[in-house]
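Residue numbers (my numbering), protein chains in the order written: chain A, 1 to 402; chain B, 1 to 208.
Since the hints were derived computationally from the structure, they do not count as laboratory data.
Don't take every hint at face value.
Beta-carbon label-pair distances, calculated as ranges [to be verified]: (1) A/K240 - B/K84: 34 to 40 Å; (2) B/A68 - A/S238: 29 to 35 Å; (3) B/E56 - A/E356: 25 to 31 Å; (4) B/A77 - A/P402: 39 to 45 Å; (5) A/Q395 - B/T203: 51 to 57 Å; (6) B/A68 - A/G260: 19 to 25 Å; (7) A/T44 - B/G207: 55 to 61 Å; (8) A/A187 - B/D193: 37 to 43 Å; (9) B/A61 - A/G277: 52 to 58 Å.
Every residue gets a Cβ at the ideal spot worked out from N, C-alpha and C, and that includes glycine.
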Amino acid sequence: MKYLPLLPLAARGSFAALLLLGAFAGCGGEGEGPPAPVPPAPATWDFGLPAGYPKPKVPADNPMSVDKVELGRRLFYDKRLSGNETQSCASCHDQKLAFTDGRAGGLGSTGEVHPRSSMSIVNVGYLSTLTWANPLITELEEQALLPLFGETPVELGLAGKEDVLLERLRKEPVYEALFPKAFPDEADPVRLENVVRAIGAFERSVISYQSAWDRYNYGGDSKALSEAQKRGKDLFFSEKLECFHCHGGFNFSDSVVHDGSTFTETMFHNTGLYNLGGTGAYPEGNRGVYEVTSVTTDMGRFRAPTLRNITLTAPYMHDGSIATLSEVLDHYAAGGRTIADGPYAGVGSTNPYKSELINGFVLTEDEKADVLAFLAALTDDALLTDPRFADPWKQDSAGGMP
Amino acid sequence: MKRIGRIVGIVSLAGAVFVGTSVGACGGETENPPATNEPDLTGVIYTGAATDEALEALLLAAPKTDAAQGVVVDTPAAGATLPKDVPPTIEWHVGGSSAAREPSAGERFVGAAKAIASFFGPREAWAHGAPVNGRAYLLVFSTPKSPELVRVFTTELSYTFDAASWTKLALTGEPVTLVVTNAIFEDNRVAQDGGPFTGEAVTFSIGP
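If we strip away everything but chain A, and leave its shape as in the complex, we get:
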C-alpha cells in the first residue's frame, strides 16, 4: 500500500518511481530494515535451449515461471493495453515478421508515427541496453512502460489511464485466474509493476535458436548451410568486411549480457548513414545517443541491432531509411551513404563521427550474393509459427494451443 501516495505522480509519468519501490529491491540486505526473506526462485522454467547456447539474464526480482510467461503473452497480445483499445504490443511487433512491423516508423494507436523503426523482440532478454540508442534503458520491465505510457510519440496511449487499464484487466476472467498464479505471494496482484514484469518474462522467453546457422554452428550439422552461405560466412567474419566487430557473437550484436557472462558490453556506433551539410549531423529527433546525452561525439551513434531474422525485418536501420539488405551492403561498401539532394543531403562516408570500422570495401556481385545468402541463413522459420509465442486469444477461439 506504500505505493498509494505515488499514484498521482505515476499518473503524470513517473512510472519508474513506482518500480523503484520494492519492485526492484535487488538481492536483499542492502537498504534499511531487516532484509526481506528471499523466496527461492521457483525452478519451473526451462528455456529449452540447446547445449552451450547462452541463457538470458533473469532479474532476481522477476523469476521466470510458466504462469508468468503465459500471463505476459496474454498481455502482449491484448488490445486493452492501449488507451483506445485498438492496439497491443503485437500491433508493432508481429510474430510473422520476427516481431517487427514492416514499417519505417512505428504507427501508434492514435495515428502518431514513431521517429524510429520497430525492433524485433526476439532475443531481447540478452540485450545490455534496449531500443535503438538509449544507454539508460537496460531492463525489459522499464522499457515496456515507454510504449504503454509514452507521449512523444503516443504508442499505446495509456498516459493518465493506469486505473482504467487495471479495471479492464480485472474484468477479464482469464486474468482473474492468471495474475494470482503468476504472483502467488500477493494479495492484490493486478498491479502495473506486475503487468510489466509478466510482459518482461514473456519477452525473455522469445528466443531464436533454430536458424540454419544455428544448426550448423551450434548443432554441428554440416549440411545445414549451402556452399554459398559458407562463403558468405567467411566474408562476414573477415577483416575486409568487418561486420563481426559490431554484429558478432551468438546474437550478432555487440551489446549483450546473459546469465553467466563476465562483463557487459554496450556499444553504439555511427555508420555514416547521414552527414547533413557536412557537419556530421543526423536528422533532428533521430540523432542517436546524442538525443540522450547531448555529447557531440554521440552524434549518430546507434546500437548495432541483432542480424538474426534480418531477412524479415525490412526496412532497415533506425529510421527504416534503407529498403533492402542489398542496399545495406552498398551503404557499408561505400563506407557510408551519400544522399545527393533534399533536406538530408550529405556524404555519410566523410561523417566526422563515423566509426573507424566503417571504411568501405569492394565486393564482386557473386560475393555480395554470398553475403546475402549467409544473412538469410540467420532466419529462424520455426520461430515465426511457434505456438509458444503466438496470439493466445486467437488460440483460445481456435480451441487452445496446438
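Chain A is already provided as a structure; the job is to place chain B on it using the hints.
Just chain B now, kept in the frame of chain A:
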C-alpha cells in the same frame, strides 16, 4: 521533448539503482580455478575461424562424454585404408545432429584438389580476429609410436590435409587413430554446458 526528458531522467535514476542492486554481485559465482600449466599449442593447425585462445580454453577444461554432443567421423570410415599420395578430406558431424549420412564412395577422397589450394602449408597461428562463438573441433591424429602427431583445430565440419601434414602421418607406416573433441564457445571461452565433448576414436591405415 520535455516529456521525454523527464521519462529519460527517471529511467536513468532507475538505471542507477539497477547498477547498484540487480547487476551487482548476488554472490556465489564460482571463479574458474587459475590455470596451473599452460597447454602446449605448438604445431597445431588452425582452419576456419578457430583461435588459439579458444583452443587453450578447450584444453584446460575437463572433457565430458555425451553421445549426443560428441563428434561422429563420417570419413574416413573405421578400418579404411587411405592412399598415401592423396591428402584426404576428413568429415564429421555432431552425434545428435541430423547430418548423419552415408558418404558416397566418390565423395570420400575428393581432397586432392583442395590440398593443392593449401600448397603453401598450414596456418599455424591465428591473428586475433573474431572470437569463436559456436562449436569448434580439435582433431588429434596419433599413431602408437607418435601420439598427437598432427593436431587440427577448426570451426568447420571438414578438414582437408595439406601435403606436408599428410606425409608426416604417412611416413610413420603405422595405423592412425583420430579422436575429435569439440566444445561450444562463447567469445573464445567454453560455454556453460558447452563441453568439451570427446568423440569416439576412429582408426584407419595409410596404404603404401
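Distance restraint hint 29 to 35 Å, applied to the beta-carbon atoms of B/A68 and A/S238:
holds, 32 Å
B/A68 versus A/G260 beta-carbon gap, inside 19 to 25 Å or not:
The hinted range 19 to 25 Å holds for B/A68 and A/G260, with Cβ atoms some 22 Å apart.
A/Q395 paired with B/T203, Cβ distance criterion 51 to 57 Å:
holds, 54 Å
Should the hint that A/A187 and B/D193 are 37 to 43 Å apart at their CB atoms be regarded as holding?
holds, 39 Å
Assuming the hint says 34 to 40 Å, is it satisfied by the Cβ distance from A/K240 to B/K84 or not?
Hint holds: Cβ distance 38 Å, inside 34 to 40 Å.
Are B/A77 and A/P402 spaced within 39 to 45 Å by their CB atoms?
Because 42 Å falls inside the window, the suggested range holds.
Evaluate the given range 25 to 31 Å for the C-beta pair formed by B/E56 and A/E356.
holds, 29 Å
Would you say the C-beta atoms of B/A61 and A/G277 sit inside 52 to 58 Å of each other?
At 55 Å between Cβs, range holds.
The hint says 55 to 61 Å between A/T44 and B/G207; measuring C-beta to C-beta, is that right?
With Cβ atoms ~59 Å apart, the hint holds.
Of the numbered hints listed earlier, not one is contradicted by the structure.
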